[in-house]
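Visitor: Here's the letter readout for the chains.
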Amino acid sequence: MSLSEHVYRMLEDIVGQGNISDRPHILAAYRHTSPQGGRKSISPEAVVLPGSTEEIQAIVRVCNRYNIRYTAIVSLFGLGWLVSQQGTIIISLRRMNRILEINEEDGYTVIEPAVRHVQLKPEVMKRGLSYPVPSVGPSCSVMANFLGKGEHHIQHSYSKNNRYLLGYEWVTPTGEVIRVGSLANDAGWFCPDGPGPSLGGLIQRGNGIFTKAAIALDAWKGPSVMPTEGHSPTYKVRLPPDCHKVYIFKFPNLDKVRDFMIEMGKAEIGVGVLKFFYATAAVMFTVSANDFWDLWNSGLFQKELPKAVWVYLATWTPEEMEYEERVMWDIVREFDGEEVDEQVRKKWEDNMDFFIIVSFLQRVLKLGGGWAPIIHTESLHHTFEIAKTIPEFFDKLIEKELLLNAPHNFQVIPIEYGHGAHIELLFFYDRTSSEGHTIPMEVMQKSMETDIKHAHYSPMPASGELYSNYQVWAAKIKEALEPKV
Amino acid sequence: MDSLRDYMYTMESCNHCGQCRFILGPKMRGWAYAEVCPIYQRYKYDAYSGQGLLNIAQELLEGTLQYEEGLLKHIYTCTTCGACDINCKSVRDMEVLDTILALRAKCVEDGQGPMPEHKGYARLVEKTHNIYGQPHDQRFAWLSDHVSLSQDTKIAYFVGCTTSYRYPDIARNTIKILDAGGMRLTVLGSDEYCCGAPLWRTGQREAARKLVEHNLDVFKKKGIKTLITSCAECYGTFKGFYPRTAELDFEVLHITQIIQAMLKESKLSFGNTLNMKATYHDPCLLGRLSELYVPWNGEIKAYGYHDPPKQWRRGTNGAYHAPREVLRAIPGIELVEMTRNEENAFCCGGGGGVPAAFPDFALWTATERLNEAGSTGAEAIISSCPFCRSNFETAIGSGSKTIQYHDLTELVIQAL
Numbered sequence: 000m001s002l003s004e005h006v007y008r009m010l011e012d013i014v015g016q017g018n019i020s021d022r023p024h025i026l027a028a029y030r031h032t033s034p035q036g037g038r039k040s041i042s043p044e045a046v047v048l049p050g051s052t053e054e055i056q057a058i059v060r061v062c063n064r065y066n067i068r069y070t071a072i073v074s075l076f077g078l079g080w081l082v083s084q085q086g087t088i089i090i091s092l093r094r095m096n097r098i099l100e101i102n103e104e105d106g107y108t109v110i111e112p113a114v115r116h117v118q119l120k121p122e123v124m125k126r127g128l129s130y131p132v133p134s135v136g137p138s139c140s141v142m143a144n145f146l147g148k149g150e151h152h153i154q155h156s157y158s159k160n161n162r163y164l165l166g167y168e169w170v171t172p173t174g175e176v177i178r179v180g181s182l183a184n185d186a187g188w189f190c191p192d193g194p195g196p197s198l199g200g201l202i203q204r205g206n207g208i209f210t211k212a213a214i215a216l217d218a219w220k221g222p223s224v225m226p227t228e229g230h231s232p233t234y235k236v237r238l239p240p241d242c243h244k245v246y247i248f249k250f251p252n253l254d255k256v257r258d259f260m261i262e263m264g265k266a267e268i269g270v271g272v273l274k275f276f277y278a279t280a281a282v283m284f285t286v287s288a289n290d291f292w293d294l295w296n297s298g299l300f301q302k303e304l305p306k307a308v309w310v311y312l313a314t315w316t317p318e319e320m321e322y323e324e325r326v327m328w329d330i331v332r333e334f335d336g337e338e339v340d341e342q343v344r345k346k347w348e349d350n351m352d353f354f355i356i357v358s359f360l361q362r363v364l365k366l367g368g369g370w371a372p373i374i375h376t377e378s379l380h381h382t383f384e385i386a387k388t389i390p391e392f393f394d395k396l397i398e399k400e401l402l403l404n405a406p407h408n409f410q411v412i413p414i415e416y417g418h419g420a421h422i423e424l425l426f427f428y429d430r431t432s433s434e435g436h437t438i439p440m441e442v443m444q445k446s447m448e449t450d451i452k453h454a455h456y457s458p459m460p461a462s463g464e465l466y467s468n469y470q471v472w473a474a475k476i477k478e479a480l481e482p483k484v
Numbered sequence: 000m001d002s003l004r005d006y007m008y009t010m011e012s013c014n015h016c017g018q019c020r021f022i023l024g025p026k027m028r029g030w031a032y033a034e035v036c037p038i039y040q041r042y043k044y045d046a047y048s049g050q051g052l053l054n055i056a057q058e059l060l061e062g063t064l065q066y067e068e069g070l071l072k073h074i075y076t077c078t079t080c081g082a083c084d085i086n087c088k089s090v091r092d093m094e095v096l097d098t099i100l101a102l103r104a105k106c107v108e109d110g111q112g113p114m115p116e117h118k119g120y121a122r123l124v125e126k127t128h129n130i131y132g133q134p135h136d137q138r139f140a141w142l143s144d145h146v147s148l149s150q151d152t153k154i155a156y157f158v159g160c161t162t163s164y165r166y167p168d169i170a171r172n173t174i175k176i177l178d179a180g181g182m183r184l185t186v187l188g189s190d191e192y193c194c195g196a197p198l199w200r201t202g203q204r205e206a207a208r209k210l211v212e213h214n215l216d217v218f219k220k221k222g223i224k225t226l227i228t229s230c231a232e233c234y235g236t237f238k239g240f241y242p243r244t245a246e247l248d249f250e251v252l253h254i255t256q257i258i259q260a261m262l263k264e265s266k267l268s269f270g271n272t273l274n275m276k277a278t279y280h281d282p283c284l285l286g287r288l289s290e291l292y293v294p295w296n297g298e299i300k301a302y303g304y305h306d307p308p309k310q311w312r313r314g315t316n317g318a319y320h321a322p323r324e325v326l327r328a329i330p331g332i333e334l335v336e337m338t339r340n341e342e343n344a345f346c347c348g349g350g351g352g353v354p355a356a357f358p359d360f361a362l363w364t365a366t367e368r369l370n371e372a373g374s375t376g377a378e379a380i381i382s383s384c385p386f387c388r389s390n391f392e393t394a395i396g397s398g399s400k401t402i403q404y405h406d407l408t409e410l411v412i413q414a415l
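One line per chain: the protein sequences are A and B, in this order.
Mapped onto numbering that gives the first Met the number 0, the consecutive letters of the first sequence carry residue numbers 0 to 484.
Mapped onto numbering that gives the first Met the number 0, the consecutive letters of the second sequence carry residue numbers 0 to 415.
Certain hints may be false.
[Said to hold, decoys possible] Partial list, derived from the structure: chain A residues whose beta carbon lies under 8 Å from chain B:
1) VAL117
2) GLY127
3) THR285
4) SER287
5) LEU364
Keep in mind that the hints were calculated from the coordinates and are not lab data.
Think of the CB as a built atom: it goes at the ideal place given N, C-alpha and C, for glycine as much as any other residue.
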């Protein structure tokens with residue numbers, strides 16, 4: 000189905016000439032999935048570039064009236080935007096990229112959807128403020144990451160991104176504008192919920208289009224401008240060493256890794272505490288695939304990092320740093336930890352942007368890589384139980400030489416000082432091999448089956464009955480919100 | 000010469016991360032001036048970006064996209080500034096700019112490209128050996144009898160078309176500076192033909208190759224071991240394009256690098272004060288795109304391993320420091336930096352044949368860059384490329400900009 004000229008003109012009247020196109024070469028940018036995507040995207044019928052909430056409302060109403068599917072996009076990173084059905088248009092929010100407010104006194108910022116981390120983060124840093132940037136790379140949409148529960152390296156102390164979402168403005172799939180939380184009562188942006196039930200669960204299921212959102216800001220303990228030296232791709236970003244330090248400790252086994260994290264949480268020290276993926280670290284801290292192989296074949300990361308914890312300490316004063324270091328070392332000794340090889344630690348000391356904006360995150364995919372399901376747990380104990388079952392399926396895939404031999408390549412990040420946790424498995428495969436296109440799906444499937452078998456994870460239809468049939472309600476809500484599609 | 004098919008790995012590797020459009024994380028400074036791709040900033044659609052051009056190239060190659068109205072303009076609107084390429088290469092093993100240039104070459108091979116305005120380049124170069132169609136015997140009209148040239152030197156100053164015919168003051172300044180520093184050099188006279196940059200960057204590689212062969216033959220016959228340029232386009236072309244045809248057996252130096260060396264060796268010193276707050280604009284082909292091209296004909300094996308190892312051009316060793324050191328050495332100049340500098344510099348809009356085919360867009364791009372320069376509080380923008388000068392001066396002349404443009408050689412002469 001292609002758009003009729005009548006509908007095209009209606010959309011053009013809304014956004015203005017030059018902000019809509021159905022030319023095949025313009026749409027080529029939306030027909031290509033990521034190499035690890037495993038499927039080809041269907042071409043959209045057109046792309047429209049609205050410039051305001053009102054224009055989005057009008058577009059959505061036209062779509063409803065003429066039964067046209069739409070998908071809203073900003074950065075195209077990730078696979079959620081892929082067009083999967085004929086007759087879909089892309090609504091690119093690219094023109095809506097303003098920072099509307101940075102409220103230093105109350106600690107929040109109001110942004111439009113297309114503001115990127117590389118734009119917002121330095122603006123708030125200038126003002127002595129900060130927010131956690133998820134592991135997506137600097138050019139992704141801030142708002143998308145906060146609506147989508149972005150994960151990041153410092154959620155040990157900062158919590159997950161959705162905790163930072165305050166008031167927001169939402170165009171529903173039927174074209175109504177809803178202002179949520181304190182905003183609904185003209186009370187400003189400071190709170191995501193008003194009286195009555197929270198709508199947070201509804202909006203995070205991907206219904207409608209979000210046009211403005213307020214994000215909470217924290218105090219920033221670092222310099223107002225990134226202290227960058229050198230040139231791409233070998234930048235150095237070192238933060239003042241009296242108040243910013245990175246340590247990497249290795250432990251005899253995963254139980255001690257877990258217990259170290261728990262005690263660090265109890266002590267409420269450290270901005271970042273995480274067990275990071277060691278093969279991924281090798282990919283991220285080398286520029287080319289060849290450099291990676293040189294490092295990997297040296298065996299350094301395999302020797303030092305499979306059972307290691309990264310600690311990023313950031314304090315207001317050197318005295319505070321001294322206190323945190325003393326406490327940290329007590330805990331390290333309690334669990335038989337020791338520092339890894341100095342040359343490994345130096346890589347993080349030289350690139351502390353790893354904890355700030357993850358500048359080089361996109362290197363992760365240079366070998367061909369993918370993620371198995373990411374699971375959030377109620378405790379670090381639970382997370383490490385999941386970790387123990389990874390070899391059940393992962394080792395077989397490694398034995399078949401479908402994956403890089405990196406059996407411990409998962410990360411665990413405590414959330415809110417260990418009151419929750421996150422585990423994520425990352426695997427590397429040769430995407431140019433004959434089986435390349437099937438490997439990501441196979442890993443994800445096996446991972447999910449293993450998690451279901453051990454009751455680590457439960458898909459909605461399986462667990463719904465235990466929780467008031469919430470899957471039925473979820474379907475009804477979606478139907479109510481999207482009556483035509 | 001490489002073909003578009005050689006870049007299939009690049010085309011298939013893109014995962015839409017957006018790095019080709021935005022300043023790199025370590026260089027982030029704020030909301031403004033965070034975008035590095037002129038076409039993406041101006042035209043907004045994702046197809047106007049490194050990623051979009053890769054997608055178009057792949058579809059054209061595979062036959063799923065046909066030449067259609069607007070496609071050629073789309074491909075040729077890109078200034079080929081390489082910001083996408085260098086930013087992508089900070090995280091990936093991909094050749095974005097070479098893919099875009101190979102795409103243009105394919106358009107020419109398919110009888111579709113280049114733009115009509117660019118076809119004129121090849122005709123004029125064939126006839127007059129310069130892109131302006133000016134009489135070849137006037138190429139060195141700027142050279143006065145007072146200039147002392149040496150006949151027994153292996154150092155030659157390659158002037159270039161734009162400097163010779165449009166901005167001969169740069170040539171005169173360059174000669175004066177080299178003379179003041181005690182360098183004995185020669186020029187190529189009627190043997191100097193266009194370096195080939197405008198043809199290379201518009202996909203007319205066969206015509207460009209003929210120029211390369213001619214110029215290399217001249218260098219060889221004259222025994223040239225050091226080639227000096229005052230034009231960033233010539234410099235980047237010698238280092239980035241010529242090695243695709245033959246191995247260079249001479250070194251290429253830009254005048255800024257020579258002045259830097261002369262200052263270090265105390266062969267030059269500045270006696271005059273120039274009171275000026277200024278910012279430096281990195282020309283694309285002197286900065287991020289100036290590293291030597293090293294041919295690679297290997298195989299990409301499992302997990303992206305390049306066998307034999309490939310020497311990448313990631314913009315790390317561009318000529319960023321030389322012009323800045325020279326400017327800082329001039330008494331009275333306060334040098335301030337724009338947000339998008341060095342490898343992240345925003346293009347002036349003067350490259351890739353854009354001013355000829357899309358003058359409005361070239362003007363828009365230059366104006367955007369001048370606005371950024373103005374935001375630093377600088378009263379002058381300085382650069383080292385006659386193409387940048389042309390585009391900036393056009394923008395300054397057409398608007399209400401109060402900022403001044405200076406070629407670096409002009410200030411050096413004033414300060415000597």
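Visitor: Evaluate each hint against the coordinates.
Guide: Here is what the structure says about each hint:
1. VAL117: Check passed: Cβ of A:VAL117 comes within 5 Å of chain B, closer than 8 Å.
2. GLY127: The hint is violated - A:GLY127 has no Cβ within 8 Å of chain B, the shortest such distance being about 14 Å.
3. THR285: Since the shortest Cβ distance to chain B is 11 Å, the answer is violated.
4. SER287: Status holds, d = 5 Å.
5. LEU364: holds, 5 Å
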